[in-house]
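Visitor: Sequence:
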Amino acid sequence: MGNEALQMETSLSELTYGEEAEILGIEESCKGEIRRRLLDLGFVRGTIITVQNVSPLSNPVAYSLRNTLIALRNEQAQCILIKKLTDNDKRL
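Numbering (our numbering), first residue to last: 2 to 93.
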């Protein structure tokens with residue numbers, strides 16, 4: 002089991018301020034216009050993403066990815082699958 006068991010798949014909405022993750026993909030249940038828009042915005046497999054800012058009511062949340070800041074509502078963030086990165090995973 003080792004290290005892979007510790008790196009569980011979760012949704013982007015579970016990421017907290019300052020945490021970093023790698024995007025694994027988009028939920029199969031997320032279809033059509035929303036899926037296309039997320040992909041167009043850069044939410045693609047392998048992209049590193051961090052929580053940059055959280056609104057006072059925690060919805061929406063601003064995420065930093067590919068040198069861009071994008072705000073998503075929690076319902077949209079739940080469609081995006083991530084793997085939280087540990088200090089050992091972070092790229093130099």
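Hints are computed from structural coordinates only; laboratory data are not their basis. Careful, some of the hints might be misleading.
To be verified - What follows is a list of derived Cβ distance ranges for each label pair: (1) Asp88 / Gly33: 33 to 43 Å; (2) Pro57 / Glu29: 17 to 27 Å; (3) Asp88 / Lys32: 16 to 26 Å; (4) Thr87 / Gly33: 28 to 38 Å; (5) Lys84 / Leu42: 14 to 24 Å; (6) Glu34 / Asp90: 25 to 35 Å; (7) Tyr18 / Lys84: 13 to 23 Å; (8) Asn89 / Arg38: 25 to 35 Å; (9) Ser12 / Ser56: 24 to 34 Å; (10) Glu10 / Gln53: 36 to 46 Å; (11) Gly47 / Glu15: 32 to 42 Å; (12) Arg36 / Asn89: 28 to 38 Å.
Where is the CB? At the ideal position from N, CA and C, for every residue including glycine.
Visitor: Confirm or reject each hint.
Guide: Going through the hints against the structure:
Between Asp88 and Gly33 the beta carbon distance is about 38 Å. The supplied range of 33 to 43 Å therefore holds. Between Pro57 and Glu29 the C-beta distance comes to about 33 Å, which lies outside the given range of 17 to 27 Å. At roughly 36 Å, the beta carbons of Asp88 and Lys32 sit outside the given window of 16 to 26 Å. Range check, Thr87 to Gly33: Cβ separation about 34 Å, and the 28 to 38 Å hint holds.
Our hint of 14 to 24 Å for Lys84 and Leu42 holds, since their Cβ atoms are close to 19 Å apart. The supplied range of 25 to 35 Å is met by Glu34 and Asp90, whose beta-carbon atoms lie about 32 Å from each other. Checking the proposed 13 to 23 Å range against Tyr18 and Lys84 shows it holds: the Cβ atoms sit about 18 Å from each other. The hinted window of 25 to 35 Å between Asn89 and Arg38 holds, with their beta carbons roughly 33 Å apart.
A beta carbon spacing of about 18 Å between Ser12 and Ser56 contradicts the range 24 to 34 Å that was offered as a hint. Separation of Glu10 from Gln53 is about 22 Å and departs from the stated range, judged on CB atoms against 36 to 46 Å. In this structure, Gly47 and Glu15 break the distance hint of 32 to 42 Å, their C-beta atoms being roughly 19 Å apart. Checked against the hint of 28 to 38 Å, the pair Arg36 and Asn89 passes, with Cβ atoms roughly 32 Å apart.
Checked against the numbered hints given earlier, the structure breaks hints 2, 3, 9, 10 and 11 and satisfies all the rest.
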